[in-house]
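Colleague: Next come the chains, spelled out residue by residue.
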Amino acid sequence: MENLFRDAICLGIVSRAFRNLSRRKIRALLVVIALGFSMAIMIAVPAGIAANQSATQNLTGNLSNTLTQTEATINQTLTQIDCGLASSAPSGFGFSGNFTPGQFGGGGRGDFNFTPGQFGGGSGIPGEFGGGALGGGGSTPMNESLYTDINSSISGVVAVAPILTVSEGHNVTVTFGDRSFTRLVADYIIEGVPLNSSIIDNYPILPANITAGRNLQAGESGVVILSENNSAYFGVGVGDRVTILGQSFEVVGIHGTSGASDRATLYMSLSDAQALTGNTGEITSLEVFADTTDDVTAVSSAISALHAELDVVTAQERLSQLQQQQTNYDAQLANAQATLNQTQSQAFEEIIVAVAATSLIVLFVMLYTVRERTKEIGTLKAIGFSNRTVMSQFMLEGILLSLLAGVVGVAIGSIAAPFLSSVLLPTVGNSLGAGFRFTGGLASTTAVTVNPELMLIGFGVSVMLGALGSVYPAWRASKTRPAEAMRYE
Amino acid sequence: MSELALKIVGVSKVYQLGKRNVNALANLNLDVKKGEFAAIMGPSGSGKTTLLNVIGCIDKPTSGKVLIDDIDTAGLPESELYKIRRNKIGFVFQNFNLLPYLNARENVELPMEMTTKSKNERTARANGLLATVGLAGREEHRPQRLSQGEQQRVAIARALANDPAIILADEPTGNLDMKNKQDIVKLLANLNLKQGTTIILVTHDGQVAAHTERILFLNDGKITKEKEGMHLAKKNICPYCKAKLQPADEKCPNCGKTVRFRKKAQVRLFP
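Each protein sequence line maps, in turn, to chains P and Y.
Last residue of the first sequence: 489 in my numbering, with the numbers rising by one and none dropped.
Last residue of the second sequence: 271 in my numbering, with the numbers rising by one and none dropped.
Hints listed in this document are in silico derivations from the structure and should not be mistaken for laboratory results.
Some hints here could point you the wrong way.
[As the list claims (entries may be wrong)] Which stretches of chain Y does chain P cover? Using the computed rule of at least three CB atoms under 8 Å from a CB of chain P, they are:
no. : region
1   : 73–87
2   : 97–103
3   : 124–137
[Said to hold, decoys possible] Here are the simulated lysine to any residue pairs, SDA-like style, with alpha carbons at most 20 Å apart:
no. : chain 1 : residue 1 : chain 2 : residue 2
4   : Y       : Lys235    : Y       : Gln148
5   : P       : Lys375    : Y       : Lys235
6   : P       : Lys25     : Y       : Leu102
7   : Y       : Lys60     : Y       : Pro100
8   : Y       : Lys83     : P       : Gly12
9   : P       : Lys25     : Y       : Leu99
10  : P       : Lys25     : Y       : Pro100
11  : Y       : Lys194    : Y       : Lys234
12  : Y       : Lys119    : P       : Ser180
13  : P       : Lys479    : Y       : Lys234
Note that the Cβ used here is the ideal one computed from N, Cα and C, for glycine as well.
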C-alpha cells in the first residue's frame with residue numbers, strides 16, 4: 001500500500017488514470033451513472049430505514065400520548081355525560097395526528113373522518129376522544145331552554161353545562177377516486193362555556209393546562225383564551241386584542257393542548273360565543289355531571305328516556321370505546337413493526353444486490369478495459385514497467401471510476417433518497433393508511449433524509465467496492481505478456 | 001567489461017504446437033559488439049520474432065545463455081527482467097505503440113518514470129531526445145497529430161530514454177511509406193554513427209537491411225548466413241579486414257584490397 005502510494009505520487013499513473021477515463025468519455029459517463037445509481041441505493045435504503053424507524057417511533061409516541069391523555073381526561077371526569085343531537089352524517093372516530101389548524105377537524109362527531117381510511121367507517125359513534133375539556137357532543141345547534149329539565153327532573157344530576165361549539169374555517173372539496181367529499185377545514189373552533197363559578201370551579205370544562213396568562217374566570221365577558229395554534233394563527237399573544245368574526249376580544253391566556261380537538265379550540269363565555277356566531281339561545285352540546293360514578297348509568301338512561309333525540313355518551317362508554325380504539329392501535333403498531341421488520345430484511349437484500357452490482361460493474365468494465373488495452377499494457381511492460389506499477393495503474397483507474405461514481409451516487413442519493421426508498425422499501429407511514437393528506441392520519445411519515453455521515457460512509461463504501469472490483473482486472477493487466485506489444489492487428 | 005553488447009550462447013527455444021515440438025531457435029550463437037548496427041533477416045517462421053523476444057527479455061529461451069551487457073538474462077525471474085527491459089533494452093515497434101493519450105514528450109518520459117531521475121530531468125532529457133530525432137517544437141503533439149514517420153521518431157526517442165545497451169527494432173519501417181522509411185533508416189544509421197548506439201533490427205526489407213553494417217540471415221532457428229552491409233562504408237571500416245580507413249582511401253592500407261563498396265554505396269544507399 002505504501003508503495004502504491006509512492007507510485008501514485010511519483011509516477012504519472014494518477015494523471016494517466018484520469019486521461020484513460022477521459023479517453024472514452026461516454027462510456028465513463030454511463031458507467032459512472034450506473035454505478036452512481038447503485039451507490040445511491042446504498043445510501044437511500046439506510047436513510048429509508050431510519051425514516052421508517054423514526055416514523056414508527058413517532059407513531060408509537062403519538063398513539064400512546066393521545067391515548068394516555070384521553071384516558072386521563074376520561075378518568076378525571078368519569079361522572080361526565082355528553083349529550084348532543086344525533087346526526088345523520090356518517091361518522092367515526094376522529095383522530096388526528098397532524099394538528100395544524102388548517103387540517104384540523106372540530107370537536108364534533110367525526111367530522112374529519114371522511115376518507116375510507118383505517119380509522120374511518122360509519123360507526124355512528126358520536127363524540128370524540130381527547131377534547132381537553134371533553135367538548136364532545138354534536139355540532140347541530142339546539143335550543144338550550146329545551147333541556148333545562150335535565151337538571152331539575154333527573155335525580156343524581158349535580159350540574160349541567162351547556163356548551164356551544166362552532167368551527168370556523170373554509171370548505172375544501174377533495175376527490176378520491178370517483179367520490180368527492182366536501183368538508184370544512186377548520187381554522188379555529190370557538191367553544192362557548194358557561195362562565196358560572198358553580199360549574200367552572202367544580203367541573204373540568206375549561207382547559208386545565210394554561211401555559212401563559214390565566215384561565216377564564218366566572219362572569220367574564222369579552223375575553224378569550226387561545227390555544228397555542230390559535231395564537232400562531234391569529235398572530236397574537238397574551239394581553240393583545242384579537243378580532244374574531246369581526247369582534248374584538250382580549251386574550252387573557254394561552255392553553256396548552258391536552259388532546260386532539262383542543263389544539264384548535266379557543267374558549268370564551270357561552271353568551272359571547274352565542275352572540276358572536278349568531279346562535280343566540282342555542283347550544284351544541286350539554287355536559288351533564290352525575291353525582292357519583294354509580295349514578296352515571298342511571299342518569300344517562302334517564303336522559304335518553306327524557307330526550308330520545310339526544311345522543312348520550314358517558315365517560316364509561318368513552319372508556320370502552322377508548323379500549324376498542326386501543327386494540328385497534330395495537331394492531332396498527334404491530335402492523336408498523338412488521339413493516340419495519342420487513343423493511344429491514346428487504347433493505348439488507350437490496351444493499352447486498354447494490355454492493356454486488358457495483359463491484360460487478362467495476363469488474364466487467366475494468367476487465368473490458370484491460371482486454372481492450374492489451375497491446376498498450378504489453379507496450380508498457382516491454383518498455384520496462386513492473387507488474388506492480390501496471391497493477392497500481394489499473395487499480396487506481398478502477399478506484400477513480402468508483403470515486404467519481406461515488407460523487408454522483410451521493411448526489412443522486414441525497415436528492416432522490418425519498419423517491420428511491422419509497423420505490424425500494426415499504427413505508428411505515430403508508431401502511432397506516434393516511435389515505436391522503438387531509439385525513440392527517442396518525443402515521444405522519446418522517447422525511448427520508450441523507451445525513452453527512454451516511455454520505456461519507458456511502459462514499460467510502462464506493463471507493464472500497466471500486467478497489468474490490470478492480471483487483472482481478474488489475475491483476476490480469478499486470479500479468480499481460482510484454483510480447484502482446486508485438487501483436488499486429 | 002566486455003566489448004560485447006549481446007552474447008548469445010547455444011540458445012534454443014522449443015514451442016509445443018499440439019503434439020509437435022517446434023524448434024523456433026536451435027542452438028543459436030550470436031555476438032553483437034557495442035556500437036554495432038545489425039539486421040536480422042529471414043523468411044516467416046524462421047525464428048526472427050522469437051530471437052528478438054529472447055533478446056528483449058520478453059520471452060525465455062528453453063536453454064542457453066543470453067548475456068546483455070554481461071548479464072545473463074536467461075535465468076532471471078520477471079521481477080528482475082523488467083529492470084533489464086527498462087534499463088538495457090530500447091524497443092522500437094512496427095506499429096510505433098505510442099500511448100495515444102500522451103503527447104510526444106510524455107511518451108518519451110514513460111520509460112524514465114521508474115528511474116531515479118527527477119521530473120525536471122526527465123522532461124529535459126525527453127525534450128533533448130525529441131530534438132535528436134528531429135522533432136523539436138513538436139513535444140506537445142499527441143500521436144494522432146503526428147505523421148507515421150514522426151510517430152516512429154517519437155518511438156525511437158522513447159527507446160533511447162534510458163540510454164539502453166541495445167535498441168531492438170522490430171520491422172521499424174514495415175508500416176511506413178518510402179520517404180518515411182528512408183528517413184527512419186537514416187535516423188537509425190546516424191544514431192549509430194554519431195552516438196555509437198547498438199542497434200539490432202529485424203526486417204523483411206533487403207534495402208533496409210543493406211543500410212546496416214551486418215546482415216544476419218536466419219533460417220530454421222539458426223543463423224545460416226552473414227553479410228556485410230553498406231553502413232560499414234559510412235563508418236570508414238574495411239569490409240574485409242575491419243581496419244579503420246581514411247575517407248579518401250581507395251584501397252585498404254591494411255589488407256590492400258580495393259574498397260569498392262564505398263563507391264557503390266554512394267549509388268545504392270538512400271540519398
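Colleague: Each of the hints needs a verdict: does it hold here or not?
Modeller: Hints and how they fare:
{"no.": "1", "hint": "73–87", "result": "holds (count 7)"}
{"no.": "2", "hint": "97–103", "result": "holds (count 5)"}
{"no.": "3", "hint": "124–137", "result": "violated (count 0)"}
{"no.": "4", "hint": "Y:Lys235 - Y:Gln148", "result": "violated, 28 Å"}
{"no.": "5", "hint": "P:Lys375 - Y:Lys235", "result": "violated, 37 Å"}
{"no.": "6", "hint": "P:Lys25 - Y:Leu102", "result": "holds, 16 Å"}
{"no.": "7", "hint": "Y:Lys60 - Y:Pro100", "result": "violated, 30 Å"}
{"no.": "8", "hint": "Y:Lys83 - P:Gly12", "result": "holds, 18 Å"}
{"no.": "9", "hint": "P:Lys25 - Y:Leu99", "result": "holds, 17 Å"}
{"no.": "10", "hint": "P:Lys25 - Y:Pro100", "result": "holds, 15 Å"}
{"no.": "11", "hint": "Y:Lys194 - Y:Lys234", "result": "holds, 11 Å"}
{"no.": "12", "hint": "Y:Lys119 - P:Ser180", "result": "violated, 77 Å"}
{"no.": "13", "hint": "P:Lys479 - Y:Lys234", "result": "violated, 44 Å"}
Taken one by one, the earlier hints fail for this structure at numbers 3, 4, 5, 7, 12 and 13, listed in ascending order.
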